[in-house]
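Enquirer: This is what each chain is made of:
2 protein chains.
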Amino acid sequence: MPQIVPVILCGGSGTRLWPRSRAAMPKPFLPLVGDTTLFEASLARCPADLGFSAPVVVTGTRHLDHVEAQLSGAPGATVIVEPAARNTAAAIALAACRLPDDAVMLVCPSDHHIGRPDVFAEAASAAAALASEGWLVSFGIEATAPETGFGYLKRGDAIEGTTGFRTAQFVEKPDLERAKSFLADGGYAWNGGIFAFRVGDFMAELSAHRPEIAAKVREAVEKGASDSHRFHPDAATFAAVPSDSVDYAVMENTSRAAMVPADMDWSDIGNWQALHDALERDESGNSVRGSGEAELVDCRNVLVDSDGPRVSVIGLDNVIVVVDGNEVLVTTAEGVQKVGKLNGAVNQ
Amino acid sequence: MPQIVPVILCGGSGTRLWPRSRAAMPKPFLPLVGDTTLFEASLARCPADLGFSAPVVVTGTRHLDHVEAQLSGAPGATVIVEPAARNTAAAIALAACRLPDDAVMLVCPSDHHIGRPDVFAEAASAAAALASEGWLVSFGIEATAPETGFGYLKRGDAIEGTTGFRTAQFVEKPDLERAKSFLADGGYAWNGGIFAFRVGDFMAELSAHRPEIAAKVREAVEKGASDSHRFHPDAATFAAVPSDSVDYAVMENTSRAAMVPADMDWSDIGNWQALHDALERDESGNSVRGSGEAELVDCRNVLVDSDGPRVSVIGLDNVIVVVDGNEVLVTTAEGVQKVGKLNGAVNQ
Numbered sequence: 001m002p003q004i005v006p007v008i009l010c011g012g013s014g015t016r017l018w019p020r021s022r023a024a025m026p027k028p029f030l031p032l033v034g035d036t037t038l039f040e041a042s043l044a045r046c047p048a049d050l051g052f053s054a055p056v057v058v059t060g061t062r063h064l065d066h067v068e069a070q071l072s073g074a075p076g077a078t079v080i081v082e083p084a085a086r087n088t089a090a091a092i093a094l095a096a097c098r099l100p101d102d103a104v105m106l107v108c109p110s111d112h113h114i115g116r117p118d119v120f121a122e123a124a125s126a127a128a129a130l131a132s133e134g135w136l137v138s139f140g141i142e143a144t145a146p147e148t149g150f151g152y153l154k155r156g157d158a159i160e161g162t163t164g165f166r167t168a169q170f171v172e173k174p175d176l177e178r179a180k181s182f183l184a185d186g187g188y189a190w191n192g193g194i195f196a197f198r199v200g201d202f203m204a205e206l207s208a209h210r211p212e213i214a215a216k217v218r219e220a221v222e223k224g225a226s227d228s229h230r231f232h233p234d235a236a237t238f239a240a241v242p243s244d245s246v247d248y249a250v251m252e253n254t255s256r257a258a259m260v261p262a263d264m265d266w267s268d269i270g271n272w273q274a275l276h277d278a279l280e281r282d283e284s285g286n287s288v289r290g291s292g293e294a295e296l297v298d299c300r301n302v303l304v305d306s307d308g309p310r311v312s313v314i315g316l317d318n319v320i321v322v323v324d325g326n327e328v329l330v331t332t333a334e335g336v337q338k339v340g341k342l343n344g345a346v347n348q
Numbered sequence: 001m002p003q004i005v006p007v008i009l010c011g012g013s014g015t016r017l018w019p020r021s022r023a024a025m026p027k028p029f030l031p032l033v034g035d036t037t038l039f040e041a042s043l044a045r046c047p048a049d050l051g052f053s054a055p056v057v058v059t060g061t062r063h064l065d066h067v068e069a070q071l072s073g074a075p076g077a078t079v080i081v082e083p084a085a086r087n088t089a090a091a092i093a094l095a096a097c098r099l100p101d102d103a104v105m106l107v108c109p110s111d112h113h114i115g116r117p118d119v120f121a122e123a124a125s126a127a128a129a130l131a132s133e134g135w136l137v138s139f140g141i142e143a144t145a146p147e148t149g150f151g152y153l154k155r156g157d158a159i160e161g162t163t164g165f166r167t168a169q170f171v172e173k174p175d176l177e178r179a180k181s182f183l184a185d186g187g188y189a190w191n192g193g194i195f196a197f198r199v200g201d202f203m204a205e206l207s208a209h210r211p212e213i214a215a216k217v218r219e220a221v222e223k224g225a226s227d228s229h230r231f232h233p234d235a236a237t238f239a240a241v242p243s244d245s246v247d248y249a250v251m252e253n254t255s256r257a258a259m260v261p262a263d264m265d266w267s268d269i270g271n272w273q274a275l276h277d278a279l280e281r282d283e284s285g286n287s288v289r290g291s292g293e294a295e296l297v298d299c300r301n302v303l304v305d306s307d308g309p310r311v312s313v314i315g316l317d318n319v320i321v322v323v324d325g326n327e328v329l330v331t332t333a334e335g336v337q338k339v340g341k342l343n344g345a346v347n348q
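Residue numbers (our numbering), protein chains in the order written: chain A, 1 to 348; chain B, 1 to 348.
No lab work stands behind these hints, which were simulated from the structure alone.
Some hints here could point you the wrong way.
Since the list gives no way to pick one copy over another, a pair counts as held whenever it fits inside one copy or between any two copies.
EDC-like mimics (lysine to aspartate or glutamate), calculated; alpha carbons at most 16 Å apart, straight line [said to hold, decoys possible]: (1) 223 / 234; (2) 341 / 227; (3) 180 / 295; (4) 173 / 293; (5) 180 / 298; (6) 338 / 307; (7) 341 / 298; (8) 223 / 160; (9) 154 / 247; (10) 173 / 252; (11) 223 / 49; (12) 180 / 222; (13) 154 / 227; (14) 341 / 295; (15) 223 / 277; (16) 341 / 102; (17) 338 / 298; (18) 173 / 263; (19) 154 / 102.
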């Protein structure tokens, strides 16, 4: 079994879980499901006793304080501090350039929820085995609904002697009709942005398909400087790196794309309804989280999340109520898609 | 035209507008509709230039500070401070015992909204004229819905030469079916607790039907003491006064009950939906009040009332959101009847 180095990507800052998630305290660093934050849970899924090395966290200066405050569960972790945001191809390349060619990277977002970490670990092991044989491996997350917010992976031929498959096609976010046909077909999985790559193979593919990204990142790392467990790529060089996703830059171009199936109760917690779906509910389908008290009368499938004030709700179904500091959000389950466009979310 | 003395009753403390209305800051003293409080508006409806004397306010010790803080619009007002709550018969009798027998009292609750004060003034004038002829007059408020929360007045024969009618019957709060039949019949009006009495007649009827109330209140006033514009009935004597409503004690027993019709856009603001109905709405039927900002997306007939935090609402119809200090209330229009039973309302 190769050594697996978790590469935890900690970038971006969504507005879809506003007002709980804010620019100043984004989603990965909040204890949205259970007592640990999504970032802490990402680290905890890759423990040493399952063969994982100390993780490499790639993050920006804006999130650095949050990362370091929540890093205690991952001894030996290092942090690569991006001087600017250049999307996932560059972020992964930064980690790759600091690792030996034969190491296997397990690239994980830090803001997803995985309900079955045991299945994650099994899939990670299978993906790493494939990666060490030269495949560029995506986790193919079992699709359980016709989601239009995710990209899909089309399953190709089985790879003999493994649980993996070739990836026949990367499909961008579909419309509802196509999403439904994918679900009915059964041969499609969600692309959750979890990958396993042998470092040398990843850099070779990146150099082949996006030579400028590969070259500039290499240069930024060569000119970079360490500071205790932190590594700072050269800012001026990194600023010149083209911004591209790993899907576009590498996965859609390589001839060695593979996928391992993973039915691991995954959620990107991409909006308030997704969070509600990931939480435990009472017999009426209601969930209460946060530090505030709640009283629900004649309610079904209501989520209340308050950071202090008591929330009393009467007579509502499929509604989400969030209280965070000076903001109160009340939305239907369908309305959650519009949260990111609210004045409060846009002008924070 | 006789002199009309407004007798403003300022008692009780409901829980149906919780959390905005609280035990410590009850409904009459809040600016629920427009910029003035319901109490201030009650005073303002009885100005000197329409022939009203300075008002007499009857209130309890608990509300005294609020009353005095909001009394500046009524020069010459006096305040009778009830040492205990003994319902409306005793409260009105307290005022009566301090007025000359031939004065006409216009008894008004202080927690109702009247959208057309001009109609109120006309009805008051008509009621006072009838009262000065010996009638005990109720305002018969035009019923506009089959309300089950109000008592009703059944209209009897017209009183010749006036706009008034004999009151054929006092009907207690009906069930929905009866309320609908009253509305269809057209001969029923809401009893809003607004009355005109000649002082001597009121005390004579009270003495006839509830002699103990009349006697004990007289004694409490005789043994009472003035303190600037305040009058304090004797506490020990007043404590012994039987508690009864003016409807039960006097109106249902007198043979001289009359009513004047009043179509004055009246509301008792008896719950959050009633308040919403009394407020101005935008083209989507939404209302925003309070000092907090609000953003309503895809909403219809939503009321937002916040004392500070911004409230963002998506996709809801017929819902009321109230933010007050450490309490947040979210209820359907139908749910407003249950507000008073919420833990927050009960345990305040």
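Enquirer: Does each hint fit the structure? Answer for all of them.
Expert: Consistency of the hints with the structure:
Taking CA atoms no more than 16 Å apart as the test, residue 223 paired with residue 234 passes inside one copy only; the shortest distance there is 5 Å, against 91 Å between copies. In this homomeric assembly, residue 341 and residue 227 never come within 16 Å of each other (Cα to Cα): the closest approach is 39 Å inside a single copy and 60 Å across copies. Taking the closest pair of Cα atoms, residue 180 and residue 295 never come within 16 Å of each other, the shortest separation being 37 Å inside a single copy and 34 Å across copies. Taking the closest pair of Cα atoms, residue 173 and residue 293 never come within 16 Å of each other, the shortest separation being 39 Å inside a single copy and 36 Å across copies.
Within a single copy, residue 180 and residue 298 get their C-alpha atoms no closer than 33 Å, and across copies no closer than 27 Å, so neither meets the 16 Å cut-off. Taking the closest pair of Cα atoms, residue 338 and residue 307 never come within 16 Å of each other, the shortest separation being 22 Å inside a single copy and 25 Å across copies. Proximity of residue 341 to residue 298 under the C-alpha cut-off of 16 Å is restricted to the inter-copy arrangement: shortest distance 13 Å between copies versus 30 Å within a copy. Taking CA atoms no more than 16 Å apart as the test, residue 223 paired with residue 160 passes in neither setting, with 43 Å inside one copy and 104 Å between copies.
In this assembly of identical chains, the alpha carbons of residue 154 and residue 247 lie at most 16 Å apart only when taken from the same copy (14 Å versus 78 Å across copies). Taking the shortest Cα distances, residue 173 and residue 252 sit within 16 Å of each other inside one copy (14 Å), while across copies they are farther apart (73 Å). In this assembly of identical chains, residue 223 and residue 49 lie within 16 Å of each other by CA distance neither inside one copy nor across copies; the values are 34 Å within and 87 Å between. In the homo-oligomer, the alpha carbons of residue 180 and residue 222 never lie at most 16 Å apart, since the shortest distance is 47 Å inside one protomer and 84 Å across protomers.
In this assembly of identical chains, the alpha carbons of residue 154 and residue 227 never lie at most 16 Å apart, being 43 Å within a copy and 88 Å across copies at closest. Proximity of residue 341 and residue 295 under a CA criterion of 16 Å is satisfied inter-copy only: 11 Å between copies versus 29 Å inside one chain copy. Proximity of residue 223 and residue 277 under a CA criterion of 16 Å is satisfied in neither setting, with 45 Å inside one chain copy and 68 Å between copies. Taking the shortest alpha-carbon separations for residue 341 and residue 102, neither the intra-copy value of 44 Å nor the inter-copy value of 67 Å comes in at or below 16 Å.
Within a single copy, residue 338 and residue 298 get their C-alpha atoms only as close as 26 Å, which misses the 16 Å cut-off; across copies the closest is 10 Å, which meets it. Taking the shortest alpha-carbon separations for residue 173 and residue 263, neither the intra-copy value of 20 Å nor the inter-copy value of 60 Å comes in at or below 16 Å. Proximity of residue 154 and residue 102 under a CA criterion of 16 Å is satisfied in neither setting, with 28 Å inside one chain copy and 94 Å between copies.
Comparing the model with each numbered hint stated earlier shows that hints 2, 3, 4, 5, 6, 8, 11, 12, 13, 15, 16, 18 and 19 do not hold.
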